[in-house]
Amino acid sequence: MTNEELLAVMEQERQAKGQLKYCVQVCSSTGCASSNSEAVAAALQQQVKEANLQETVQVKLVGCMGLCALGPLVEIERVQIQPGAPPDVLLYQSVTPADAPDIVAGLASGQPVRRLRLEMDDPFFTRQTKVVLAQAGRIDPERIEDYIAEGGYQALFKALAEMTPAEVIEEVSKSGLRGRGGGGYPTGLKWNTVAKVQSDQKYLICNADEGDPGAFMDRSILESDPHLVIEGMIIGAYAVGANKGYVYVRAEYPLAVKRMRQAIRQAERAGFLGQNICGADFSFNVEIRLGAGAFVCGEETALMASIEGRRGAPRPRPPYPAASGLWGKPTLINNVETFANVPGIILNGGDAYARVGTEKSKGTKIFALTGKVNHTGLIEVPMGVTLREVIYEIGGGIPDGRRFKAVQTGGPSGGCIPEQFLDTPVDYESLSALGSIMGSGGMIVIDDSSSMIDVAKYFMEFSKEESCGKCVPCRVGTAQMYDLLCKFSAGEATEFDLRLLEDLCDLVRNTSLCGLGQTAPNPVISTLKYFRDEYLAKIKKPEEVFGVAARANGRAPGQVEQTA
Amino acid sequence: MSPVPITTEPVKTFKINGQDVSARETESILQAARAHNIDIPTLCHLEGLSSTGACRLCMVEIKGSNKLFPACVTRVQEGIEVMTHSERLVKYRRMLMELIFSERNHVCAVCVVNGHCELQSTAQKLGMDHVRYPYLNPQLEVDASHERYAVDHNRCILCTRCVRVCDEIETAHTWDVMGRGIGSKVITDFNQPWGESETCTRCGKCVNVCPTGALFEKGKSVAEMAKQRQFLPYLVSRREAMIE
Chain A
2 MTNEELLAVM EQERQAKGQL KYCVQVCSST GCASSNSEAV AAALQQQVKE
52 ANLQETVQVK LVGCMGLCAL GPLVEIERVQ IQPGAPPDVL LYQSVTPADA
102 PDIVAGLASG QPVRRLRLEM DDPFFTRQTK VVLAQAGRID PERIEDYIAE
152 GGYQALFKAL AEMTPAEVIE EVSKSGLRGR GGGGYPTGLK WNTVAKVQSD
202 QKYLICNADE GDPGAFMDRS ILESDPHLVI EGMIIGAYAV GANKGYVYVR
252 AEYPLAVKRM RQAIRQAERA GFLGQNICGA DFSFNVEIRL GAGAFVCGEE
302 TALMASIEGR RGAPRPRPPY PAASGLWGKP TLINNVETFA NVPGIILNGG
352 DAYARVGTEK SKGTKIFALT GKVNHTGLIE VPMGVTLREV IYEIGGGIPD
402 GRRFKAVQTG GPSGGCIPEQ FLDTPVDYES LSALGSIMGS GGMIVIDDSS
452 SMIDVAKYFM EFSKEESCGK CVPCRVGTAQ MYDLLCKFSA GEATEFDLRL
502 LEDLCDLVRN TSLCGLGQTA PNPVISTLKY FRDEYLAKIK KPEEVFGVAA
552 RANGRAPGQV EQTA
Chain B
80 MSPVPITTEP VKTFKINGQD VSARETESIL QAARAHNIDI PTLCHLEGLS
130 STGACRLCMV EIKGSNKLFP ACVTRVQEGI EVMTHSERLV KYRRMLMELI
180 FSERNHVCAV CVVNGHCELQ STAQKLGMDH VRYPYLNPQL EVDASHERYA
230 VDHNRCILCT RCVRVCDEIE TAHTWDVMGR GIGSKVITDF NQPWGESETC
280 TRCGKCVNVC PTGALFEKGK SVAEMAKQRQ FLPYLVSRRE AMIE
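Going down the list, the sequences are from chains A and B. Here my numbering is used: the first residue of the first sequence is 2, the next is one more, and so on. Here my numbering is used: the first residue of the second sequence is 80, the next is one more, and so on.
A couple of the hints might just be wrong.
Chain A regions said to be covered by chain B (calculated; three or more residues, Cβ under 8 Å) [as the list claims (entries may be wrong)]:
| hint | segment |
| --- | --- |
| 1 | 454–467 |
| 2 | 480–486 |
| 3 | 508–515 |
Which residues of chain B face chain A? A few of them, derived with a C-beta cut under 7 Å, are [what the hints assert, rightly or not]:
| hint | residue |
| --- | --- |
| 4 | Ala133 |
| 5 | Gly260 |
| 6 | Ile266 |
When the alpha-carbon atoms are kept at most 16 Å apart in a straight line, the in silico EDC-like pairs for lysine to aspartate or glutamate are as follows [claimed, not checked]:
| hint | chain 1 | residue 1 | chain 2 | residue 2 |
| --- | --- | --- | --- | --- |
| 7 | A | Lys530 | A | Glu466 |
| 8 | B | Lys170 | A | Glu503 |
| 9 | A | Lys61 | A | Glu39 |
| 10 | B | Lys146 | A | Asp201 |
| 11 | B | Lys264 | A | Glu466 |
| 12 | B | Lys170 | A | Glu39 |
| 13 | B | Lys142 | B | Glu126 |
Don't read these hints as lab results, they were simulated from the structure. Don't be surprised by glycine CBs; every beta carbon is placed ideally from N, CA and C.
One chain only, chain A, in its complex shape:
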């Protein structure tokens, strides 16, 4: 496709839309689809047909709109005659197929259906800054034309036609973008390292093996706007000189896989993937690899082993993937959300991107807000907003009149942040200073009905189950820590167990081979730090362990040692 053809597709799409009066957009992402949104779309389609409105009303399936708690969501967009006018939209919540006649009747009469209407001036909508998710929930993820109509693939043309690879990297460096998978490594620096290595073959990998409990950011991006990720990958490949790319996505995401497959085919047909992309002296192909359900395969060295067809176990670094990655070749590996940020940076410039966020954490971050919070769903906020704003304004506070207790960020690698730190800005450094991590963007709100020991136990069970078993501290350490947490949970623990637990946290963190083990103790460390009382309350008194005589002979509780 040439730039002219791209603009022609854009114009064609705009004209087609100009014929319409209303666009009825039904969310078809996993969340809403699980509450029957496809039947809602079919019912709407049927009603439109019966009312003979097909000429002026279009019903389409779109990606995630964010407020998953109130799904299925249906957005009614009144098509604007004047270009550039602010969008005129209204949103319906918890729509069932039975609501379709009223909705379509509302279109004809111009009167919205009050009982379904969701107020758009709620902070959930007004406090977000949608950059990566700007088109999610607006475009049909299964049509490349929809993506192009909203300015898609223009960044790619700009990069290929007007910029050298070095200039692309320069722009990404200027943006201050950092890895969104959790590590927060500067993306520009990583690209620069891979670009500098001399090699006949380089690879690029998009890590879509999202596995943290409660996290679904990457899934939603892939389901809602797959071409954005592909465009980011192509630009990345151009910048570092890679000619082969892989999207490593977990098989538990069938819809994301399907849409990504479809998008890759469409991009190939349009000439955005393949030989001599857009006429430039640059070729790049993308293949999908499915993860078979191992969390550890999100770790980059394990992921690469898995792509190579070997057991998904991490290996020691160095060498880093930038020097020796897939099949020993230099490899650029970035997360889905990182790639999804790239087209915007190229199109609007790194400086514009860097205007949002804090000094060290630039841009926006997508979070999956879950747990005991009113508005569970997917949100995108500028770096630096406080946890309080996220939970109480955007999230709408804690349901059922309960009290906030903690927020867990970063999944099994993260920690629990208590109420006194709610005014902490959300950025990489601030969260790690509190003993948690930004992670990939899972945010689980916990209210006062939960025991923090159970929270720690839950995550430790996860780490134990997902440990690959290669190194001793992670394999045996997580199993022993889990057993100890069970003892605490059951009120069977002794002071000696507390000491064992704390020592194991220290050992596993410092001696494990990969990030999974090194961060596995974090949920325990942070709950021990902020909710120690809960652990102490579960410790048995010496007389409960040994009877009253134990105190008399001066033996410390739990000091029973086994001999080998």
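We have chain A already, so just place chain B on it with the hints.
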């Protein structure tokens, strides 16, 4: 120690425990330490096989970094100051040994390699006289279907030496690991009885590199199974000579 071959490879000088040492640039900290008679304990490492950095016993400190480094897979660098036996490292090593002992059913008194066991001797060297963690006591099987050898999973520490020697030296790749985490297990072929393996060449290399009594020759009674490892450096040097 075999005589150091003459090489044009650059040499790095650095310090281990305050002692000045030198090593070729491609050598690991572990190789350099052993060449200077500085002992760093290991279990998964075996000279002649690839290093995996799995047992974590060889972790050392490098001055200026808070991180610990597995000596078997960390290359030497000019000017670094390595500490191999700090209080912290000694404590960690002991804890790691205790974890290994707690994982499966290691009962020296009834073991074929009692007295010739690397796990046992390493535990003694590290002063591990008791285990503070509860024994996990898993129910594991013994596979004695092979005509010459047997595998007792109760004594396996998952060092994967058998997997590596079978793949890298014998190139049969009969052994591999299945499952994950605490449920990991070494297997022959596709988790078939060893005696039915179609790839096993009956060479016995796996048995002889195994650091514990997990792999042993049939007919050996308690304390009778001593492992023979001389073949490994010999085969490796012959192979290198052929490649050159």
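Verification of the supplied hints:
{"no.": "1", "hint": "454–467", "result": "holds (count 3)"}
{"no.": "2", "hint": "480–486", "result": "holds (count 3)"}
{"no.": "3", "hint": "508–515", "result": "holds (count 5)"}
{"no.": "4", "hint": "Ala133", "result": "holds (5 Å)"}
{"no.": "5", "hint": "Gly260", "result": "holds (4 Å)"}
{"no.": "6", "hint": "Ile266", "result": "violated (12 Å)"}
{"no.": "7", "hint": "Lys530/A <-> Glu466/A", "result": "violated (25 Å)"}
{"no.": "8", "hint": "Lys170/B <-> Glu503/A", "result": "holds (14 Å)"}
{"no.": "9", "hint": "Lys61/A <-> Glu39/A", "result": "holds (10 Å)"}
{"no.": "10", "hint": "Lys146/B <-> Asp201/A", "result": "violated (34 Å)"}
{"no.": "11", "hint": "Lys264/B <-> Glu466/A", "result": "holds (14 Å)"}
{"no.": "12", "hint": "Lys170/B <-> Glu39/A", "result": "violated (59 Å)"}
{"no.": "13", "hint": "Lys142/B <-> Glu126/B", "result": "violated (26 Å)"}
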